[in-house]
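Chemist: Residue strings, one per chain:
2 protein chains.
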Amino acid sequence: MTIENLSINKSFGGWHKQYSHHSKTLNCTMRFAIYIPPQASNEHKVPVLYWLSGLTCTDENFMQKAGAQRLAAELGIAIVAPDTSPRGEDVANDEGYDLGQGAGFYVNATQAPWKQHYQMYDYVVKELPSLIEATFPVSDKRSISGHSMGGHGALTIAMQNPEQYRSVSAFSPICNPINCSWGQKAFTTYLGKDKSNWLQYDASELMKKATVYVPAKVDQGQDDSFLVEQLKPEILNAAAKVSNYPLVLNLHEGYDHSYYFIASFIDEHIRFHAQHLT
Amino acid sequence: MTIENLSINKSFGGWHKQYSHHSKTLNCTMRFAIYIPPQASNEHKVPVLYWLSGLTCTDENFMQKAGAQRLAAELGIAIVAPDTSPRGEDVANDEGYDLGQGAGFYVNATQAPWKQHYQMYDYVVKELPSLIEATFPVSDKRSISGHSMGGHGALTIAMQNPEQYRSVSAFSPICNPINCSWGQKAFTTYLGKDKSNWLQYDASELMKKATVYVPAKVDQGQDDSFLVEQLKPEILNAAAKVSNYPLVLNLHEGYDHSYYFIASFIDEHIRFHAQHLT
Chain A
1 MTIENLSINK SFGGWHKQYS HHSKTLNCTM RFAIYIPPQA SNEHKVPVLY
51 WLSGLTCTDE NFMQKAGAQR LAAELGIAIV APDTSPRGED VANDEGYDLG
101 QGAGFYVNAT QAPWKQHYQM YDYVVKELPS LIEATFPVSD KRSISGHSMG
151 GHGALTIAMQ NPEQYRSVSA FSPICNPINC SWGQKAFTTY LGKDKSNWLQ
201 YDASELMKKA TVYVPAKVDQ GQDDSFLVEQ LKPEILNAAA KVSNYPLVLN
251 LHEGYDHSYY FIASFIDEHI RFHAQHLT
Chain B
1 MTIENLSINK SFGGWHKQYS HHSKTLNCTM RFAIYIPPQA SNEHKVPVLY
51 WLSGLTCTDE NFMQKAGAQR LAAELGIAIV APDTSPRGED VANDEGYDLG
101 QGAGFYVNAT QAPWKQHYQM YDYVVKELPS LIEATFPVSD KRSISGHSMG
151 GHGALTIAMQ NPEQYRSVSA FSPICNPINC SWGQKAFTTY LGKDKSNWLQ
201 YDASELMKKA TVYVPAKVDQ GQDDSFLVEQ LKPEILNAAA KVSNYPLVLN
251 LHEGYDHSYY FIASFIDEHI RFHAQHLT
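Protein sequence lines correspond, in order, to chains A and B. Yeah, the first sequence ends on 278 if you go by my numbering, and it's all consecutive. Yeah, the second sequence ends on 278 if you go by my numbering, and it's all consecutive.
Quick caveat, the hints were computed from the structure, so don't treat them as lab data. Errors might be hidden in some of the hints.
The list treats identical chains as one, so a pair stands whether inside a single copy or across any two.
Claimed, not checked - DSSO-like mimics (lysine-lysine), calculated; alpha carbons at most 30 Å apart, straight line:
1. K45 x K24
2. K141 x K193
3. K185 x K141
4. K217 x K17
5. K17 x K65
6. K208 x K24
7. K45 x K126
8. K24 x K241
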């Protein structure tokens, strides 16, 4: 595996770095960012919080806007932010902001032409952690979080791989993609019309049937313009009651879908994951 | 004065808002952002920290990337971020990133065609604070800070108006614009070739002659790629010695010119200003 450093910035005594690498899973060149806290060394490997971003984002949005590095540096946690889809001129795309590049939805596509590159589930679950743990001074203690489409990704990936993640959290996740237009459009395109193939990627469906519990925290702004049509946290909450899943869901008056909301509560999420990682 | 709200986001219990208004000083429509902390009300007016951004920036860079709202909310300080120049199709411009729109340098231009709009000094010193104090629940306690070109703006504006600002700080300021290529290009264009007209806008020249001291704090990264050619904090430090100015200048190993540096030390700057504002 070759990996190329693209940028480096000192941040809160640690380092923010961007890298590109050829992804075998996605069959294209991918970029990711990592925040390495000051405590990290080969003698002192640190745990990792994976962050999955939302529609239209890259590895940069969270690292630039969430303000997570301050507490990650204090608590000694690395953060890894992948891109939100495969990228490149040869990669299938769509004119909509909610499909194609920037909108991989963290699934393994089964439909042409998407299946050639859109394997974000395997990339996040397998290839990326292997690369991170082989390259950086990090341990195999992992948690995962994300926003909107990335919150959907974090919840579904954690629940499908409870042995791999110590905790999961989400801001404003797409809780029930099989029942909202964003999810239905993406799943029809990437997975085909047979809805039985969609269920494995729906957080509410997975939570209803969960028998192993990854500690889960979800925060949602009540003035989020996507709340009613796309996000549906009430469906996730009902699913948690079915399986007795210990989901902690907090609603916040006045907050919207932006990074101003994420920044306001990111410290709570970092501390939540730190309880399980350290 | 008419003022139009463009956006609103709840942030750390307070509010981030963007506005546009017609500026008489700049003779064009301007946008600014304000962070209003949760404590602010007409019965409890809060002090204001003005933030001046660097080359190419708008009102958005600081608000999205610096992570200042967390401590501003805790300490009850409003933050106002103006744009970095007049804007619009009718406003003179230049192809360079370091001249024209996005590069107003916080001076009052005297040369055609620039003088019609490029009066950023008067906008920041007079029109903007008047508008802010007439519109929002803020007091007349003001401090000022900025980055790079905005650090130059903050230092020069505070030293020229010591009665108006309780403290001044800067990240990576252009400390001696009359002796660097960014400053010489801008000052020649906006102010003409007579260098005697430049001195009033040079932080080191002003600091050398200062007799009234606005408490001043400057932070500079030692791996900043602009440090030697453009920023020259050593000239400012020497100027402070001439006038016995109580300048606090800190150099930081490994940090660069980016917002990752600003975010790492913004809490120190907010606390510094809070000592003088509250």
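Chemist: Hint by hint, note whether the structure agrees.
Modeler: The hints, checked one at a time:
In this homomeric assembly, K45 and K24 come within 30 Å of each other (Cα to Cα) only inside a single copy, at 26 Å, whereas the closest approach across copies is 58 Å. Taking identical chains as interchangeable, the C-alpha atoms of K141 and K193 are never at most 30 Å apart, the minima being 37 Å within one chain and 62 Å between chains. Within a single copy, K185 and K141 get their C-alpha atoms no closer than 34 Å, and across copies no closer than 53 Å, so neither meets the 30 Å cut-off. For a Cα distance limit of 30 Å, the shortest separation of K217 from K17 qualifies both inside one copy, at 28 Å, and across copies, at 29 Å.
Proximity of K17 and K65 under a CA criterion of 30 Å is satisfied in both settings, with 15 Å inside one chain copy and 16 Å between copies. Within a single copy, K208 and K24 get their C-alpha atoms no closer than 33 Å, and across copies no closer than 61 Å, so neither meets the 30 Å cut-off. Taking identical chains as interchangeable, the C-alpha atoms of K45 and K126 lie at most 30 Å apart only when both belong to the same chain, with a minimum of 20 Å there against 53 Å between chains. For a Cα distance limit of 30 Å, the shortest separation of K24 from K241 qualifies neither inside one copy, at 39 Å, nor across copies, at 60 Å.
Checked against the numbered hints above, the structure breaks hints 2, 3, 6, 8 and satisfies the rest.
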